[in-house]
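Asker: Fit chain B to the supplied structure of chain A, relying on the hints for placement.
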Amino acid sequence: MTAIQILFILSAVVILGAAVMVVSTKNLVHAALYLVAALFGVAVLFALLDATFLTVVQVVVYIGAIAILFIFAIMLTRREMRDQGEQLNRGWGAAALIGLLTFGGLFMLLSSWRGFNGTAAALPSGFDGVVELGAALVSTDAFVLPFEVASVLLLAALIGAVYVAGTKK
Amino acid sequence: MIPLSWYLILAAALFSVGLFGVLARKNAIAILLGIELMLNAVNINLVAFWRYGSLASIAGQVFAIIVFAVAAAEVAVGLGLVISIYRRRNTVVADELDLMKW
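As they're listed, the protein sequences go chains A and B. Counting in the numbering used here, the first sequence tops out at residue 169, every number present. Counting in the numbering used here, the second sequence tops out at residue 102, every number present.
Just chain A, same shape as in the assembly:
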């Protein structure tokens, strides 16, 4: 067992433990903080996968913006946050069954695939993932159109969110 594998197992335990707490804890502020822990574990995985840019974006955008937005929304709807009653609905047993079936189905499907135990090739010398990614995002042969569409989507979501949540005089 190498150090990388131990690091992977540690972050996997953190991710899954935090994820279970996100869906089961009663206090929503705690749920949002556990979500931060899970997102940080995913950032560690991105670093292990040599996706350096995505590691930074995961920390800056997910933890820095999205998780904070969640905490704001939880505090703005405070009465429910203090709700000490049951946080799961009546169908939670069926939901747990569906979750288990999804995991079992995905596991069976993936384990029957011949690339399941594949190993990664070493990074070629001089390979810079950030340069490749940046070039692909603005290259007309690659992904410039999805990139621009994503920016329009973000603008539309921004205006929509302000309109929906804003008070009307």
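No lab work stands behind these hints, which were simulated from the structure alone. Every value quoted in this text rests on a predicted model; they were computed, and no experiment measured them. Using N, Cα and C, we set each Cβ at its ideal position, and we do this for glycine too. Errors might be hidden in some of the hints.
Said to hold, decoys possible - Ranges of calculated distance between the beta carbons of each label pair, as one might list FRET restraints:
id: 1; chain 1: B; residue 1: E96; chain 2: A; residue 2: A47; range: 38 to 44 Å
id: 2; chain 1: A; residue 1: V14; chain 2: B; residue 2: M1; range: 18 to 24 Å
id: 3; chain 1: B; residue 1: M100; chain 2: A; residue 2: F127; range: 50 to 56 Å
As the list claims (entries may be wrong) - Calculated Cβ distances over 12 Å to all of chain A for the following chain B residues:
id: 4; residue: L99
id: 5; residue: M100
id: 6; residue: K101
What the hints assert, rightly or not - Here chain A is said to cover these stretches of chain B; the calculated rule only asks that three of the stretch's residues, wherever they fall, bring their Cβ under 8 Å from a Cβ of chain A:
id: 7; stretch: 2-9
id: 8; stretch: 64-75
Answerer: Leaving out everything else, chain B in the frame of chain A:
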């Protein structure tokens, strides 16, 4: 070296936990938290397939970035809706939001 299967199994487990959260939680914000977990599971898969597949095609990482953008948009609009509903109806419990139920 870590085999690809470890990433895939972890992502499948994380997706299933998120799915449970979406289906079982009462609070609308908690449902959105579950969706975030599912989106992260998908991102792990996308990046793992990029790293273990062909490094030259960067599509896996570009897809993950698009998922980031969509997640940010979804959270902004979703939380805006939740806050708007809370102002009008004073609840964020998904079971009580049955205006459109006939």
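Asker: Honestly, which of those hints from before does the structure not fit?
Answerer: none
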